[in-house]
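Participant: Each chain is listed here by its residues.
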Amino acid sequence: MVTFITRRLIVSILLLLGAAFIMYQLTALAGDPLEEFYQSRLPNKAQLIAARTEALQLNVPAPLRFFLWLGGAAKCLIPFANSCDLGLTAQGQKVTDLLPMAMGSTLQLVTAATVLAIAIGITFGIVSALRQYTTFDFVMTFVSFLLYSLPSFWVGILLKEFIAIKFNDFLGDPQLGPIWIAVIAIVIGLLWVGLIGGEWRRRVSVFIVSALATAAVLVYFSITDWFLHPNIGPVFMLIMSAGIGLVLTAMLAGIRNRRVMLVAAIQVVITMICYFALQSLLDISSIYTLLILGLVTLVVGLVSGYLVGGQDRGLNMRVGALTALLSAALILVDRLMQSWPQFLGQSSINGRPIATVGSQTPGLTGDIWMHGLDSFTHLLLPTLTLMLIGFAGYTRFSRAGMLDVLNQDYIRTARAKGMPERVVIVRHAFRNSLIPIATIVASDFGALLGGAIITEQVFAFSGMGNLFQVGLRLPDPNPVMGYFVVVAVMVVVFNFIADMTYSALDPRVRTRG
Amino acid sequence: MSIINEGEPAPIMDDAEVRHITVGKSQGRLILDRFLRNWVALTSLGVFLAVIVLSVTSIGAFGIPGWWKWAYNDLGTGLLNGGAPTLSLIPTWLGGDGIHLGEHPFGQTLIGIDYFAMTMRGIQNSLIVMFIIGILVAVIGTVVGAVAGYYRGWVESVLMRFTDLVIVIPVIVLGAVVGKIASEHFKGLGVLGLSLVLGLFLWTGLARLVRGEFLTLREREYVDAARVSGARDARIMFRHILPNAVGVVIVSTTLIMAAAILLETGLSYLGFGIRSPDVSLGLIISQNQTAFSTRPYLFVWPGVFIVIIALTVNFIGDGLRDAFDPRQRKFVARRMKEQDAK
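Protein chains in written order, with this note's numbering: chain A, 1 to 513; chain B, 1 to 342.
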């Protein structure tokens with residue numbers, strides 16, 4: 001295994017060097033950074049040309065210049081020396097000063113989109129596989145194909161028009177008409193019917209209950225101007241937190257497992273206590289406070305699961321930790337919602353929260369919650385654009401993977417042993433169907449970073465894609481190379497992780513040395 | 001009568017019996033039958049062909065004029081009615097204007113070019129790019145994958161490292177840089193140039209799949225048999241093994257073609273692909289995106305056609321996959337459960 005890893009590492013490094021060399025030569029061919037001066041009539045034209053030639057080392061031929069650049073880039077590998085040198089931009093800024101900001105916003109975007117796409121995509125893919133050849137399956141297949149065929153720039157512009165502008169207009173007078181309420185309720189009702197399935201009598205009752213509940217909630221929202229003063233409130237908090245605990249218990253342990261149910265209930269109680277007790281702490285929180293609180297939540301979930309004991313402590317702890325984290329997330333969402341009216345009232349927002357361009361509102365002041373909301377409203381549409389496309393892929397893959405696993409002999413064995421269907425699906429089938437998806441997720445990350453170029457252009461989002469594009473247009477070789485280094489390293493690292501996870505998760509594919 | 005019949009061999013069965021024996025279907029025939037039974041793929045194929053016919057006949061191609069009165073670079077007779085679209089699909093008995101195309105069904109651009117003709121030209125360009133990429137990917141990917149999988153050893157290492165190299169640089173980044181180089185040195189990539197460049201980089205995924213197929217197929221007995229009977233390597237690879245791996249090639253080429261149209265329009269949208277005065281669906285979306293609120297019709301049609309083409313090609317690819325590999329379709333969870341219940 002060690003020889004295998006070292007060999008892969010060496011090959012990866014050589015690959016990176018080769019790709020960087022090719023990319024450098026191509027960028028050098030892409031145009032002359034001095035071109036803007038040739039037509040200019042500035043008196044100090046000669047000096048400007050000389051200065052830029054000096055700064056970008058343009059008098060060295062490109063194949064040699066690559067090694068100068070590589071020498072600077074190699075310094076990035078020395079830890080803590082802070083001597084990283086990726087060259088200067090045409091304007092004389094250091095690329096290493098520009099990269100972290102750009103990387104930060106792009107990674108935020110791509111990570112959020114990936115996580116959401118994975119979570120939703122896998123859920124729908126697996127349900128679709130379990131209900132193969134039902135209407136739900138056909139609809140999901142069609143939807144995922146449709147999303148897969150959408151050009152991201154077109155979707156982005158449509159989202160800008162129909163979500164951002166329409167929603168902002170809607171906030172001027174947040175009353176949902178009866179037609180809208182009916183449409184939303186019916187769509188959500190149908191979705192639940194598809195997800196839950198069953199014989200027609202159960203379908204009808206599921207539809208009626210979920211549609212009526214949705215309609216009731218929407219009417220409540222409309223009457224109380226909820227969209228202007230959103231909050232979850234203690235009652236809904238209790239209902240939702242208990243719901244999370246119940247669903248997790250039912251899925252992972254089975255509703256009859258009293259001990260696990262007890263663990264989940266403990267988390268719900270703690271959540272409710274924290275909801276009332278922590279508000280004043282949350283008001284003055286920083287990002288670090290929140291991280292510590294998150295860790296504490298995780299520990300509480302795990303420890304309470306352990307203390308309850310029983311035969312399967314691991315299961316207790318898993319359910320406890322998941323319930324605790326999800327309920328804690330609810331508290332955070334509630335706190336963010338409490339800042340919403342203040343956010344709307346800001347002069348720079350002016351009642352139109354969903355942004356269509358940029359990655360933050362310039363000149364926004366306020367605490368962490370205000371900035372959180374600001375990032376959220378800016379990230380919403382680009383994330384959605386990236387997510388829709390990723391979602392389609394993951395739905396297809398997880399559906400195919402699940403069907404593949406369900407065909408295996410060990411599933412038949414598990415059923416024949418008399419395992420409950422829940423155990424067969426969750427423990428035997430689901431876990432194994434995740435193996436191929438893990439590798440796809442890892443190797444898709446690079447493609448997603450590439451796709452972010454278009455999304456960033458649509459939303460004028462100042463991330464790495466923007467750095468690349470602007471650099472290429474000028475042309476300005478060093479930012480382009482800076483972008484490339486980050487992306488290529490990510491692609492190589494994630495492919496490496498993909499290979500490793502595959503051989504770690506699936507003993508059948510252990511590669512020979 | 002002797003046991004060994006010296007004369008004519010006795011007929012094994014009579015004519016009536018022969019007529020009842022069904023002729024065995026060839027592998028290709030079985031696949032075709034399965035594809036024809038898949039109505040989603042068949043409908044998609046119909047729609048896709050209709051789009052091709054519409055785009056080619058309306059404005060013509062290769063210098064042959066079509067039936068549509070305007071050309072994509074024709075300034076026409078000035079703006080009619082502010083360039084608003086004249087297409088009407090609501091019949092008169094529903095209170096509309098009746099179904100008619102009018103002078104400019106999709107409207108006109110700000111300088112009066114007919115938008116229908118532009119959209120058709122964009123579709124033609126996208127289709128050309130798609131097909132050239134498809135052919136290049138299929139040929140290069142198959143040859144590289146076959147050679148790597150068949151010879152193994154250092155040939156395989158070199159080829160696979162090269163595919164790794166191309167995978168490290170995201171295609172859209174590579175396409176953008178090459179597009180920029182072309183605009184710097186050759187006044188922009190034409191349709192042909194763009195598709196050649198993209199095709200030369202997109203084959204790596206297919207090469208990996210074909211290599212995987214060849215790695216397993218080369219160990220089969222019929223390959224040994226062919227080798228023993230003196231067949232050359234090229235003959236074994238392309239006459240014996242390839243027909244058994246052709247499903248992978250066709251299916252993934254189709255899916256790459258669907259991705260290729262999104263890539264081409266995306267690059268053109270960014271300004272690194274097909275450039276004005278030629279037309280690409282991505283380019284006209286990028287030119288008109290700011291006019292969304294005032295002139296949405298300039299924005300909707302190109303997008304709709306991109307989606308139609310990509311969607312139908314994806315469905316065709318999926319139908320082909322099912323036709324070539326029916327194993328995926330065997331398991332029906334619900335039916336099994338119903339059988340359990342009985």
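It is worth saying that the hints were derived from the structure and are not from the lab.
Built from N, CA and C at the ideal position, the CB exists for glycine as well.
Errors might be hidden in some of the hints.
[As the list claims (entries may be wrong)] Here are the in silico distance ranges between beta carbons for each label pair:
1) B:S26 - A:I13: 47 to 57 Å
2) A:G351 - B:P277: 26 to 36 Å
3) A:R203 - B:R37: 47 to 57 Å
[Stated by the list, open to error] Some chain B residues flagged as far from chain A (calculated, every beta-carbon gap over 10 Å):
4) F35
5) V147
6) F292
Participant: Does each hint fit the structure? Answer for all of them.
Facilitator: Checked hints:
| no. | hint | verdict |
| --- | --- | --- |
| 1 | B:S26 - A:I13: 47 to 57 Å | holds, 50 Å |
| 2 | A:G351 - B:P277: 26 to 36 Å | violated, 43 Å |
| 3 | A:R203 - B:R37: 47 to 57 Å | violated, 29 Å |
| 4 | F35 | holds, 17 Å |
| 5 | V147 | holds, 20 Å |
| 6 | F292 | violated, 6 Å |
In this structure, the hints that do not hold are numbers 2, 3, 6, in rising order.
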